[in-house]
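**Q** Chain order of the listed sequences is S and F.
Note that the first sequence ends on residue 165 in the working numbering; no numbers are left out.
Note that the second sequence ends on residue 806 in the working numbering; no numbers are left out.
Keep in mind the hints are simulated off the structure, nothing from the lab.
Beta carbons: idealized from backbone N, C-alpha and C, even for Gly.
Some hints here could point you the wrong way.
[Unchecked claim] Using C-beta positions, here's what the derived DEER-type ranges look like:
1. F:K626 x S:K83: 51 to 57 Å
2. S:T80 x F:V583: 47 to 53 Å
3. S:I7 x F:A216: 42 to 48 Å
4. F:D717 x S:M1: 40 to 46 Å
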Amino acid sequence: MTQIQLIVNGKKVEGNVEPRKLLIDFIREDLGLTGPHIGCDTSNCGACTILLNGRAAKSCTMFAVQADGMEILTIEGLATDGKLHPLQQAFHENHALQCGYCTPGMIMSSVDLLSRNPNPTEEEIRLGISGNLCRCTGYHNIVKAISSVAKSHIFVSPVKKEGRD
Amino acid sequence: MASSVTMHKEEARTAGWIGKRYPRKEDIRFITGNGLFAADIKLPNMAYVAIARSPYASAKIVRIDKKRALAVPGVVGIFTGAEIVEELDPLPNLLPSPYDRVRDFGIAVDRVRYAGEPIAVIVAESTYAAWDAMEQLDVDYEELPPVLTAMTGAKDGSPLVHENVPTNVVWHRKFTYGDLDEAFRNAHIVVSKKLKWHRFTSAPLEPNVVVVDYDARHGIYTVWSNNQRPAFNQAAVAKSLRTQANLLHFISPDIGGGFGIKNENYPYIILLAVAARWVRRPLRWVETRTEHMIASAHGSEINYEAEMALSKDGRILGLRAKAFHDEGAYMRREPIAAFNFIRHATMTYTFRNLEMDIYAIVTNKCPVGPNRSYGKMQQGFLVERLLDIGARKLGLDPIEIRMRNFVSSTQMPYETPTGAMLDGGEYAKAISKVAENLQYGELIKERDRLRKSGMLAGVGVSMGMDACPINFSSNRLINPKSTASGESEAAWVKIDEDGNISAAVGTSPQGHGHETAVSQIVAEVLGVSPDDVYTLPAFDSWTHPSTPHSGTYASRFAIAGASAVNGAAVRVREKVLRIAAHVMGESESNLDIVNGVVVSVKAKPGVSLKEIARLAWKDLANLPEKEEPGLYVNLVYKTPFKLPIDDQRGNFSLTYSYSASMVLLEIDPGTGMSKIRRVGIVEDSGNQINPMIVEGQIHGQLGHQLGAALYEDLVYDENGQLLTSTFKDYLAPTASDLPSYETGSIVTPSLFTPLGTRGMGEGGGAPLIACANALDDALTPHGMEFDGSYLSPVKIRNIVKTITKK
Ligand code: FES
Ligand code: FES
Numbered sequence: 001m002t003q004i005q006l007i008v009n010g011k012k013v014e015g016n017v018e019p020r021k022l023l024i025d026f027i028r029e030d031l032g033l034t035g036p037h038i039g040c041d042t043s044n045c046g047a048c049t050i051l052l053n054g055r056a057a058k059s060c061t062m063f064a065v066q067a068d069g070m071e072i073l074t075i076e077g078l079a080t081d082g083k084l085h086p087l088q089q090a091f092h093e094n095h096a097l098q099c100g101y102c103t104p105g106m107i108m109s110s111v112d113l114l115s116r117n118p119n120p121t122e123e124e125i126r127l128g129i130s131g132n133l134c135r136c137t138g139y140h141n142i143v144k145a146i147s148s149v150a151k152s153h154i155f156v157s158p159v160k161k162e163g164r165d
Numbered sequence: 001m002a003s004s005v006t007m008h009k010e011e012a013r014t015a016g017w018i019g020k021r022y023p024r025k026e027d028i029r030f031i032t033g034n035g036l037f038a039a040d041i042k043l044p045n046m047a048y049v050a051i052a053r054s055p056y057a058s059a060k061i062v063r064i065d066k067k068r069a070l071a072v073p074g075v076v077g078i079f080t081g082a083e084i085v086e087e088l089d090p091l092p093n094l095l096p097s098p099y100d101r102v103r104d105f106g107i108a109v110d111r112v113r114y115a116g117e118p119i120a121v122i123v124a125e126s127t128y129a130a131w132d133a134m135e136q137l138d139v140d141y142e143e144l145p146p147v148l149t150a151m152t153g154a155k156d157g158s159p160l161v162h163e164n165v166p167t168n169v170v171w172h173r174k175f176t177y178g179d180l181d182e183a184f185r186n187a188h189i190v191v192s193k194k195l196k197w198h199r200f201t202s203a204p205l206e207p208n209v210v211v212v213d214y215d216a217r218h219g220i221y222t223v224w225s226n227n228q229r230p231a232f233n234q235a236a237v238a239k240s241l242r243t244q245a246n247l248l249h250f251i252s253p254d255i256g257g258g259f260g261i262k263n264e265n266y267p268y269i270i271l272l273a274v275a276a277r278w279v280r281r282p283l284r285w286v287e288t289r290t291e292h293m294i295a296s297a298h299g300s301e302i303n304y305e306a307e308m309a310l311s312k313d314g315r316i317l318g319l320r321a322k323a324f325h326d327e328g329a330y331m332r333r334e335p336i337a338a339f340n341f342i343r344h345a346t347m348t349y350t351f352r353n354l355e356m357d358i359y360a361i362v363t364n365k366c367p368v369g370p371n372r373s374y375g376k377m378q379q380g381f382l383v384e385r386l387l388d389i390g391a392r393k394l395g396l397d398p399i400e401i402r403m404r405n406f407v408s409s410t411q412m413p414y415e416t417p418t419g420a421m422l423d424g425g426e427y428a429k430a431i432s433k434v435a436e437n438l439q440y441g442e443l444i445k446e447r448d449r450l451r452k453s454g455m456l457a458g459v460g461v462s463m464g465m466d467a468c469p470i471n472f473s474s475n476r477l478i479n480p481k482s483t484a485s486g487e488s489e490a491a492w493v494k495i496d497e498d499g500n501i502s503a504a505v506g507t508s509p510q511g512h513g514h515e516t517a518v519s520q521i522v523a524e525v526l527g528v529s530p531d532d533v534y535t536l537p538a539f540d541s542w543t544h545p546s547t548p549h550s551g552t553y554a555s556r557f558a559i560a561g562a563s564a565v566n567g568a569a570v571r572v573r574e575k576v577l578r579i580a581a582h583v584m585g586e587s588e589s590n591l592d593i594v595n596g597v598v599v600s601v602k603a604k605p606g607v608s609l610k611e612i613a614r615l616a617w618k619d620l621a622n623l624p625e626k627e628e629p630g631l632y633v634n635l636v637y638k639t640p641f642k643l644p645i646d647d648q649r650g651n652f653s654l655t656y657s658y659s660a661s662m663v664l665l666e667i668d669p670g671t672g673m674s675k676i677r678r679v680g681i682v683e684d685s686g687n688q689i690n691p692m693i694v695e696g697q698i699h700g701q702l703g704h705q706l707g708a709a710l711y712e713d714l715v716y717d718e719n720g721q722l723l724t725s726t727f728k729d730y731l732a733p734t735a736s737d738l739p740s741y742e743t744g745s746i747v748t749p750s751l752f753t754p755l756g757t758r759g760m761g762e763g764g765g766a767p768l769i770a771c772a773n774a775l776d777d778a779l780t781p782h783g784m785e786f787d788g789s790y791l792s793p794v795k796i797r798n799i800v801k802t803i804t805k806k
C-alpha cells in the first residue's frame with residue numbers, strides 16, 4: 001500500500017492505495033466521486049476524463065500513485081457557488097446529452113479544449129473531443145453546445161493559471 | 001459543404017405542452033456528475049465479481065481446478081457453471097420442438113460454444129482480487145472444430161453447435177404472399193443479387209452491470225442492473241431461479257444507453273443471484289468493454305440471395321429472397337431478428353408479391369440479440385438495395401423509381417400483403433423534402449466535381465421504416481405453441497393532499513428523456529406546467545407500475561408509455577372536474593383547468609387543484625356521495641392489437657414511422673476510405689411530444705447508422721476469436737469521423753394512437769442503406785457493384801485495383 005496526497009475539487013484528500021490501483025478506481029471507489037465513468041479498457045472512450053493539473057486526462061490510463069501531489073478537478077467540482085459552468089449550461093440548453101454517461105468526461109474535455117483554444121472552428125471542436133466517445137447523440141448537439149459557449153465568449157477556465165503546465 | 005451546425009427544420013406542432021421543445025429535467029444530475037448508474041451502487045459488506053470465460057469458440061470442458069485460484073488473497077468463492085446450474089432451470093427459448101431442447105443457462109456446463117462464454121463466477125473482496133484469481137483458474141479444454149458462418153453451419157455434416165439437436169438450422173420458414181411466378185413472368189427486368197448484412201453492435205457506452213443483494217429473511221433478491229426492460233425479464237429470471245417474480249425487487253437506475261443490448265443482460269442477474277445467495281453478501285459485477293464486445297449480444301448477420309422483378313416503368317412486381325441468419329451460439333430472443341422482416345416487409349411500397357425464405361442457423365459466435373432497429377433496417381436494406389440497382393438498370397432516377405412505388409397518403413390506412421396496417425404518412429413528401437433540403441441537383445453536381453478531381457463519389461438515397469411496438473402474437477408464427485398476444489404498459493398519476501403531482505411509468509428509459517416527456521403529457525392534461533409534475537426517475541419494481549411488457553425497447557414509449565400516462569392523467573382530470581363541479585355547483589362540461597386552477601366558463605371564481613386535492617384526501621365528508629377518496633389513478637394501457645390474420649399474416653406493429661435519407665459519399669481511391677460529405681434525413685414520427693428529444697433520437701440514429709456503414713464491423717478470425725473486441729479495433733466513430741446532420745421532419749399524425757404519436761428512436765436504417773446505395777452509385781460508372789452493408793476500405797480498395805487494371 002502506498003500513501004498518496006492530492007487536491008481533489010479544491011479539497012485536500014489522502015489515500016492509501018495499492019500501487020496498481022487505477023486513478024479512476026481511486027476516484028470512484030475510494031473517494032466516492034462517481035461522476036467520472038468507465039466505458040472501455042483501452043483508453044479510447046474518455047468517459048473517465050478529469051482535469052489533472054489543469055489538463056484533460058483519462059483517469060483510467062494512469063495509476064493513482066502517479067497522481068500523488070497533483071490537483072484534480074472532476075465534473076463534481078466544475079459548478080461553482082451553486083452555479084453551473086457555462087459548458088454545463090450549454091449542454092443542457094442544446095440537448096447535448098441523452099443517457100448522460102459520456103457527459104462528465106465530454107464536458108471536462110470541452111473545458112480543456114476551450115482553455116487551449118477559445119475560438120475553435122467546427123473541425124477543431126470535433127477534433128478536440130475526438131478522445132471522447134458518445135453513443136447516443138451522434139455528437140451533433142455536443143458540437144453545437146461547445147460552439148455556442150465559444151461564440152458567446154462566456155467560457156471561464158475553472159483552473160487557476162499557475163496550476164497549468 | 002455542410003453548414004457548420006444546421007438547425008432542425010420543423011413544421012407542424014400541437015398546442016400546449018405536448019409538442020414543446022422543453023429542456024430535459026433529467027439533465028441537471030448528469031451534467032453535474034450526479035447521475036446514479038448501476039456501477040455507482042455500493043452496499044455495506046459488498047463483494048465483487050469477475051466472470052471467467054472460455055478462450056475457445058468450441059470446446060469440451062474437461063476439468064476445472066479451483067485450487068490455485070482459491071488461494072489468491074481476497075477470494076471469497078469460485079463457482080463453476082456445473083455447480084451453479086444445479087440451482088437453475090434453463091432460460092426460456094422461443095423455438096419449436098426439437099430445438100426447444102437447447103439448454104441455455106447463461107453459463108457453460110461441460111461444453112463452451114463461443115469465445116467469451118462464461119464458465120465460472122469468481123467472488124472476491126475487490127475486482128482486482130477477482131481478476132487475480134481468474135488468472136489462476138486452471139481449466140482444461142478439449143478443442144472442437146467451430147462453426148463460424150451460417151453457410152457452413154447449414155451444410156450437411158457440419159459439426160453441431162448443440163449436440164442434442166439434429167441440425168444447426170434451428171428455425172426455417174418460407175413465407176409466401178401473392179403470386180411470385182406471375183410476377184417474375186411479367187418482369188421487364190429481374191435484379192438478382194447476393195447481399196451481405198454485416199455484424200455490428202450499438203455498443204452503449206456504459207457496459208452491463210449487475211448488483212444483487214439477497215435477503216434471506218424474506219427470500220428476496222434486490223437487483224440493481226442496467227437492464228432496459230426489468231419488468232419484462234422478471235418472469236424469466238424468476239423461473240430460471242426457481243422462485244417467484246414478486247420476490248425479485250428489480251431496480252434499473254440511470255442507464256448509460258441500451259439500444260436493445262441491455263434487454264439481454266438478464267443471464268448475469270441469474271448468475272449473481274445464485275452466488276449472492278451462496279456467499280450471503282451483496283455482489284457487484286461490472287462488465288469490461290472487451291467482455292461486452294465478445295459476449296453481450298451482437299446485431300444480426302445475414303447472407304441474402306435475392307431477386308426483384310420490375311416492370312419497364314420501374315414498378316416492383318415481386319421480391320423473392322433467401323435469408324441465412326448467423327445467430328451465434330444461443331437463441332435467446334431469436335429468431336426474432338430473422339422473423340422481424342414481417343413487420344414492414346414491403347416497406348413504403350405497394351408491391352404485393354413477396355417470398356421470404358428464412359433460415360436461422362446457430363454458430364460458435366456471440367449470440368445475436370436486439371440491437372437498435374432490430375431486423376427492421378435489414379429488411380430495408382434488402383428492399384432498398386435491390387430497388388436502387390433496378391433504378392440504375394432501367395435508367396431511372398432513384399427518387400423517381402421510389403415515387404412510382406410508394407403507397408400514397410390517400411390509400412391510408414393501407415394493409416400490406418403481410419397484414420401490416422400502415423397508419424398514415426406521406427412517403428413522397430418525405431423523399432421530396434430531403435431532396436429539397438440537400439438540394440439534390442446541386443449535390444449531383446458536387447458529386448461530379450469530386451469525380452473529376454479523381455475521387456470516387458456517389459449520391460445515395462434510401463427510405464427507412466421503424467415499425468413499433470411489438471404485438472407479441474407474432475410469436476405464434478415462430479412457434480405455434482406460443483399463447484402470447486398484444487402488449488401493454490402501465491402508468492400512474494397522483495395528486496397528493498398538498499396538490500403535488502407525481503407520475504410514474506414502467507418504461508425504464510436509457511437516455512430517452514421520459515421524465516420530461518411524461519411531465520409534458522401530464523401537464524398538458526392537468527393544466528399545469530411540466531415543472532409542477534414530478535416524474536419518478538428510472539425504474540423500481542416496488543414503486544413503479546409495470547406489466548409483463550414494460551420497458552423501453554422496440555421504440556414503444558410514444559405509443560404504449562405515452563398512452564398509459566395520458567390515460568391515467570385524463571382519469572385524474574375527470575375526477576378533479578367531478579369534485580370541482582360538486583363544490584362549485586357547476587356542470588363539469590363548463591369547467592377547465594388553467595394554470596393549476598379549475599375555472600368555469602361562467603367566470604365564477606375558480607378552485608385550485610390544491611384545494612380539490614385537500615378535499616379528495618382529507619375532507620372526505622364533503623366529497624360527492626359516490627366518489628372514492630384520493631386523486632390517484634393506476635392505469636394499464638392495452639395497445640390495440642389483434643391476433644394474427646392467419647399463420648403468416650398479421651398487424652404486428654401499431655405505428656410505422658418512416659424516414660428518407662440522402663448522402664453524398666466521397667471515397668479515397670488510394671485508401672478505400674469513405675467519407676460522408678453531406679447527410680440529410682427527414683422523418684415522420686407523427687405528433688411529437690418533445691421535438692427536441694425526437695431530433696436528438698434522429699441524431700443518435702445517424703451516429704449509429706453512419707458508424708455501422710463506415711467504421712464498425714465485428715470480425716472473427718478462422719478460430720472464432722473476435723478480432724474487433726475493443727474500441728481500438730471496433731471503431732465506434734468519434735466526433736471527427738462524423739459530419740453535422742441536416743435533419744428535418746414532417747408530421748402526419750398516426751391514425752391509431754390517442755395522441756397521434758408514432759414510436760420512433762430506433763429508426764429504420766435509412767442513412768446506413770443510403771451509404772451503401774451511394775457507394776454503388778460511385779462504383780457503377782466503372783462497371784462495378786458492391787454487395788455489403790459495411791463499406792469496408794479493404795474491399796473497396798480491392799475493387800479500385802480491379803478498376804485501375806481495366
Ligand atoms: S474508461 Fe478511460 S478512456 Fe475509456
Ligand atoms: S449521451 Fe449517452 S453516451 Fe453520450
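**Q** So, for every hint listed, does it hold in this structure?
**A** Hints, one by one, checked against the model:
A C-beta distance of roughly 52 Å is found between K626 of chain F and K83 of chain S, which places it inside the suggested range of 51 to 57 Å. A hinted range of 47 to 53 Å for the beta carbons of T80 of chain S and V583 of chain F is consistent with their spacing of about 49 Å. With their beta carbons about 44 Å apart, I7 of chain S and A216 of chain F fall inside the hinted range of 42 to 48 Å. For D717 of chain F and M1 of chain S, the Cβ-Cβ distance of about 42 Å falls inside the hinted range of 40 to 46 Å, so the restraint holds.
This entry satisfies every hint, going by the numbered hints stated previously.
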